[in-house]
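From first to last, the protein sequence lines are chains D and S.
Counting in this note's numbering, the first sequence runs from 1 upward without gaps.
Counting in this note's numbering, the second sequence runs from 1001 upward without gaps.
These are computed hints drawn from the structure, not numbers from a lab.
We put the CB at the ideal spot given by N, CA and C, even for glycine.
One or more of the hints may lead you astray.
[Unchecked claim] Below, a sample of chain S positions facing chain D; criterion: calculated Cβ distance under 8 Å:
#, residue
1, 1024
2, 1053
3, 1057
4, 1058
5, 1061
6, 1081
7, 1094
8, 1096
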Amino acid sequence: MDLTTIIPAAGSGVFPTLVFVQGNEQRVINLDHSPFSVGRKVDKDLVIADPRVSRDHAVIVSENGQFSVLDQGSKHGTFVNGEKIERRVLERNDRLEFGVREAAYVIFNPQHSTTNSAREFLSQISGMQLSQETTDLEKLVIFLEAARKLNTVGVLDEILMTLLEGTLKLTRAERGYVFLKNEQGQLRLAAGRNAKGEPVLEDTTISHSILDDALRSNSEFVLTDTSRSADLVGRNSIVAYDLRTVICVPLRKPIVQATRGAKDGTTAASGEAMGALYVDSRFASRDLSSVSQDILHAIATEAASLIENARLVQAEEAAKRYQQELAIAASIQQRLMAVTIPEVPFARLGGRNLSCKEIGGDFFDAVNTREGLAVVLADVSGKGVSAALLAQMLQGMIYSQLTAGMQLSEIVTAVNSFFTHKHIGEKYATLILARIRSDGELEYVNCGHIPPLIVSADRVERPEHSNLPVGLLPGAEYKGAQVNLKPGDRLILVTDGVTEAQDPQGEFFEDSRLEAAARKGTLEDIFTAIANFCSGAPLGDDCTVVELLYTGSKGQKTH
Amino acid sequence: MNLKMETRQADGVTIVSCTGRIVFGEESNALRDYLKRTLSSSRSIVLDLTGISYIDSGGLGALVGVYSSARSQGADIKLTGLGPRVRDVLQITKLVTVFEAYDSEQQAVAAFKRGAA
């Protein structure tokens, strides 16, 4: 068995380990590739900085399922358990020394972790000779136990290989394959091994007609002796290559047992076939029909559940990775929302965001420019990572153009032509870009966003001025608007997550409630009103509210 | 999925009636695919939104996307049956200036006839 080919991805815990001890320090190294080099040179896998260690001192290689250490002509020699060696097969707990004695040494694969014992279990079984003392069935049971332990590590390829090797040993067949159905329901080769343990690929000598028969039939396994079957004449590959015996075991999804009290006759219930285990022998010297039915029964019942479990673990890992990526995107999004609000003597700005479960495309930003304090609130269509990415791009573009002192309508025109030119699909953003000068003149441009609220002492205004959203239609024209604020006036910007927040009965928060809350109080009061309204119903979309209070230009010099 | 679409012919114009919600994801994808298929056999479509209770930003994106590709192929989609919610959204986003919207299906069909004449 070539260990390098079945070593699974890093971190699965099934590698042998090296424990490197130098002085008081101890380090565990996964022996996850071969050859593994040791020496004084910095490019070695294990670097030992000691003059007695040669630059290229030794390598550890994996061969036939075992690890050996090879001296590379070092000056001070390589030692295993105190004995100077040129080459030595390593055993558990062997002590390796490279030139330097005592001060630094390596222990090979000490026994400590449970996953290592599963790994060892497997290698024991692979190396086991078919002796008289243990029955084949007992060995299979041991194998399945080991495989089940491995399953917790969740490496489908390794399960398949071990399953094949175990089956080949037990049946003494020449070669074996595992076929698994892909999403389209077609059988695809997942693993192949011959009796020597070498990987084999699919070839024309595999009888697909037998595979198909086995999948269609309700039987646990199909054992076909072609020399005795008259109806197989039409099967080209069997005739052409004179195959003698084929064992084909359909791998069916395990069915959850029905209640015990159910009527008899349901015992034969079998799940949907997800693939097949196929072994054959080409020569009359090995008649597979003598293989014990008990063994085939055991393989048939256990193999499928092993694979199903391994697949579940794989799916779980994929889901975990996806979750991690989402978490990264969410943290980027949160940092975008964490705006450092510039302090200006004539206005106070505040913003707050309440995120729903999924990552959204809301963001707001504030920039102090020579032309005044600028604020932008945007809502990118859709949800998820793509919306967050677009939000980040948008924020960057707007920020740089604001600091460059461009006109607000020019900025959104540029953003629109950039996004429509890039053909980013149907993603677009609604946004409000506003800038207030110290004298209270507020200019703003609304691009398809919910109208802002301008709250004065006695009333709330909702200016109707609007433009198309950005990124939706090429060549759209954008016009700004202007209003003069008096000290104490407030500009309130919201995203539609606010007006579309729903109560448990499915009613929307609506503009009327928003206006009432804005008239009564500040940012916090608006959020309290939303929370009270929703009374525990989950948010469907991000809620963002930005409030700009114009305090007046007291103390400001007028030019 | 919470969106149903039905097609019938009226005076050489294809009427697509929608019922449900046009929202980001499954529904907006379904609307886009359905209209694209319809556009392969018809150049004049009236989209009847009477049964649409809600459209979100993703749904709007799909609608504008299909509309743009229809126009670039020389076809046209006119709207009718805008409920208050849909009308509000089109108003806020100024998309009322992009789409032609009519109070009734007959008016929308007649507008196609006028254009063809």
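These are the hints, each one checked on the structure:
1. Evaluation of the residue 1024(S) hint against chain D yields a held restraint, the C-beta minimum of about 5 Å falling below 8 Å.
2. Residue-level restraint check for residue 1053(S) is violated (minimum Cβ-Cβ distance to chain D is 10 Å; threshold 8 Å).
3. The closest approach between the C-beta of residue 1057(S) and any C-beta of chain D is roughly 4 Å, which is under the 8 Å cut-off, so the hint is satisfied.
4. Look at residue 1058(S): its Cβ gets to within about 5 Å of chain D, closer than 8 Å, so that hint holds up.
5. Restraint check, residue 1061(S) versus chain D: the minimum CB separation of about 4 Å is within 8 Å; hint holds.
6. With a least beta-carbon distance of about 21 Å to chain D, the hint placing residue 1081(S) at the interface is violated under the 8 Å criterion.
7. At a threshold of 8 Å, the smallest CB-CB gap from residue 1094(S) to chain D is about 5 Å, leaving the interface hint in force.
8. Taken as an interface hint, residue 1096(S) does not check out: its beta carbon lies about 10 Å from the nearest beta carbon of chain D, beyond 8 Å.
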